[in-house]
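**Student:** Please model the complete structure; the sequences and the hints are all you need to start from.
Here's the letter readout for the chains.
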Amino acid sequence: MHKLGKATRRTMLGVITAVVTAGMIPTMASAGTLDDIKERGTIRVGVLGGEPPWGFTDAKGQPVGVDIDVTELLAKDLGVKPEYERVIVTSRIPTLLTGKVDLLVASMGMFPDRAKVVQFTRPYVANVNLVVASKDKDISDYKDLAGMRVAVNRGNVIDIAVTENAPSDTQILRFDDDASAVQAVLSGQADAVGLAIFPLKMLDESNPGHDLESKIVVNNQWTGIATRKGDKEFNEYLNDFLDRIEESGELNEISLRWLGSEHPEFPSSLPEIPFTTDQ
Amino acid sequence: MTYEFDFSVVWDNIGLLLDGALMTLQLSALSMVAATIIAVVTLQARTSRIAPARWIAIGYIEVIRNTPFLLQLYFFFFGLPSLGIRMSPNTAALVALALNGGAYAAEIMRGGVASIGKGQWEAGFALGLKPLQIFRYVIFTPAMRAIYPALTSQFILLLLTSSIASAISASELTAVAQRLDSVTFRSFEIYFIATAMYLIMSSIFTRLFNLLDRILFSYPIR
Amino acid sequence: MVRIFGLDDFILLLVGLQWTVLIAAVAFVGGAVGGLAIALCRVSPKRLLRLPAKYLIEIFQGTPLLMQLFLVYFGIGILGINVNPWVAISVAYTCHASAFLGEIWRGCIQAVPTGQSEAAFALSLSYRHRMRYIVLPQALRISLPATIGFLVQLIKGTSLASIVGFTELMRSGQYITNATYQPMIVYGVVGLMYFALCWPLSFWSTRMEHRMAAASR
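Chains as they are written, first to last, in the numbering used here: chain A, 1 to 279; chain B, 1001 to 1222; chain C, 2001 to 2217.
By construction, these hints were calculated from the structure, which means they are not laboratory data. Remember, it's a predicted structure, so these values are computed and weren't measured experimentally. Note that beta-carbon positions come from the ideal geometry of N, C-alpha and C, so glycine has one too. Please note that the accuracy of each hint is not assured.
Some chain A residues judged to face chain B by a derived CB distance under 8 Å, without partners named [as the list claims (entries may be wrong)]:
#1 90
#2 93
#3 94
#4 117
#5 155
#6 173
#7 174
#8 175
#9 176
#10 187
#11 232
#12 268
#13 270
Far from chain A, by Cβ distances over 12 Å, these chain B residues were calculated [claimed, not checked]:
#14 1034
#15 1050
#16 1127
#17 1215
**Tutor:** Below, the structure written as structure tokens:
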């Protein structure tokens, strides 16, 4: 330490002081988001901007997709205007937790570790996550990924599953979105890519010559709306809203429009992932 | 709004972050050396009598200096494979950093050489120095002394720029931080510590460069 | 759902370019105000002003822009200030620009020959008047090439706003890539747009620098 200059020591001291002070900022109280929304007249929604068919951008620059259609119904139900905030997979939870948006309708897979930091609603859509590779690759299980380079969208479910299950000599390449990960495998920079089933279908259209096929089914994923924890009123309202659009058939219309099939039967509960809250 | 700070995830994963920092150090140190070599070659081409060599050098410098590094990275990693050139993420990051730094360093060196007037040669000659001595004491050292501050701050910038290499899945500090962020959701805490690590690394480099400056370029010339 | 890169996409990129220009412009103007304040603190005879400015510059010049963005962007929210992302991004880039312009201008103020300041002192001009009428106008002239050079860095740096999810030129390019799967065409066009924006500025900056160098010889 004494070998470092005076300024470095001061800088370090500053850093430490800042860490300590930051730790002492008291927890800020959670307010009723629903009241805020009605008062403001707008609902601020975090949606994905580049992950078709969930949330992406059309040629006019407008957000479109499953999540956006659900949000439009929600805004209509509340009688407010939606205000879209594009997020990416890694930035969506921080964006919610730091209060930049009221909720996330951002293709959020419902998993226990995420349920610890955000409040999920009941699911509104289902997805199948895959590991995809070219036909000549002999892969049927995670262990076959030994020595291979697997491209994933940083921090998404497939990343987590592959990281946990693949042999230690598997090289996991993490990118900021699906397109970069797919690009890595198409350009031969990776041997396999983690992709959901619908983007894979899109790839069939856009790159008809590709020879990628599904190799490993990572999981069937339920997708829910996410809010900050401790807001019972908002959570109850959202669950009720989703029940109503399921019953009215509007949710099915959305599913048919984007995914080409009716939505599946939704579970009434998932282990370790509460749809409701007491607080 | 609720936000409670929790730095424990950082301390639990400090080993991973330090590994990332080590990778960042390697990446930047190697790219600094490579950038210097590229810059010298480019400077030769830039001041060459052969016109096409000059054009290539100018084209290279201008394209690099006027497009974002992120875009250059994408090009090296995703674009070059279509020409049959395939590099691992870390290699692609190194090549992109070296070529980026090389373009800037070439321009800085050109300024340094230009600052040495013809009179210097003549003065050295008049003092009865041998050509090699003239080059060493009257040309090279003063030119290096003139460009050293700009060159080294460009090198520090290279260290900081390496954080962008996470976009092509290189395994340096920012990539480690982003990965931890994506599984612990403690963004602010993780980025805060990662930032502090960058600050420490850049101060170390700064001090190292200052020390070298004192050893190599102090008056009187030994 | 999949589309081919066409005119609409080109227009979408132009919209993204607008945001790129807007962030850079706001950060440059905000940074000019902040940078002048920092530069003046940095050359102030008062230690209490000089030191904080020095450390501020050291921190911003010693950490990656990407990290600064992350910290300011999410930090503002944590402090309980609710602003939309566009404001948060602007604040982050303004802080960055203030520190860098502050350091560039500090150098330029100190490059004004001390004789100038001494002569003004001998004419019993106050510190404020010395700065305002004698030193700063000359420093401004010296600083132009480096300042424009930094503007180019700033424009290129706005591409990192894409990583926190802000839709500027780079992010627009990523969106279109995700919908078309044609990265080379899309990023090629994006690159040309950045070049068209930055190159004239770089050229201007270099030409000014050469003129000044020639004049001072």
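**Student:** Just to be careful: measuring from the Cβ of residue 94/A to every Cβ in chain B, is the smallest value less than 8 Å?
**Tutor:** Where the cut-off is 8 Å and the nearest Cβ of chain B is about 4 Å from residue 94/A, the hint holds.
**Student:** Against chain B, is residue 93/A within 8 Å by beta-carbon distance?
**Tutor:** holds (5 Å)
**Student:** Verify the interface restraint on residue 268/A: the C-beta must sit less than 8 Å from at least one C-beta of chain B.
**Tutor:** violated (27 Å)
**Student:** Since residue 1215/B was said not to touch the interface, does its Cβ keep a gap of more than 12 Å from each Cβ of chain A?
**Tutor:** holds (16 Å)
**Student:** Min Cβ distance, residue 155/A to chain B: is it shorter than 8 Å?
**Tutor:** Holds. Min distance 2 Å.
**Student:** Was the hint right that residue 173/A lines chain B, CB cutoff 8 Å?
**Tutor:** holds (4 Å)
**Student:** Against chain B, is residue 187/A within 8 Å by beta-carbon distance?
**Tutor:** holds (4 Å)
**Student:** Under the criterion of a CB-CB separation shorter than 8 Å, is residue 270/A in contact with chain B as hinted?
**Tutor:** violated (19 Å)
**Student:** Grab the minimum C-beta distance from residue 176/A to chain B and call the hint holds if it beats 8 Å, violated otherwise.
**Tutor:** holds (6 Å)
**Student:** Checking hints one by one. Is residue 175/A an interface residue toward chain B, by the C-beta closer than 8 Å rule?
**Tutor:** With a minimum Cβ separation of about 6 Å from chain B (threshold 8 Å), the hint on residue 175/A holds.
**Student:** Report holds or violated for the interface hint on residue 232/A, using the least CB-CB distance to chain B and a cut-off of 8 Å.
**Tutor:** violated (14 Å)
**Student:** Does the claim that residue 1034/B lies outside the interface with chain A hold up, using a Cβ gap greater than 12 Å?
**Tutor:** At roughly 21 Å from the nearest Cβ of chain A, residue 1034/B sits farther out than 12 Å, so the non-interface label holds.
Hint violations for this structure: numbers 11, 12, 13, all remaining hints satisfied.
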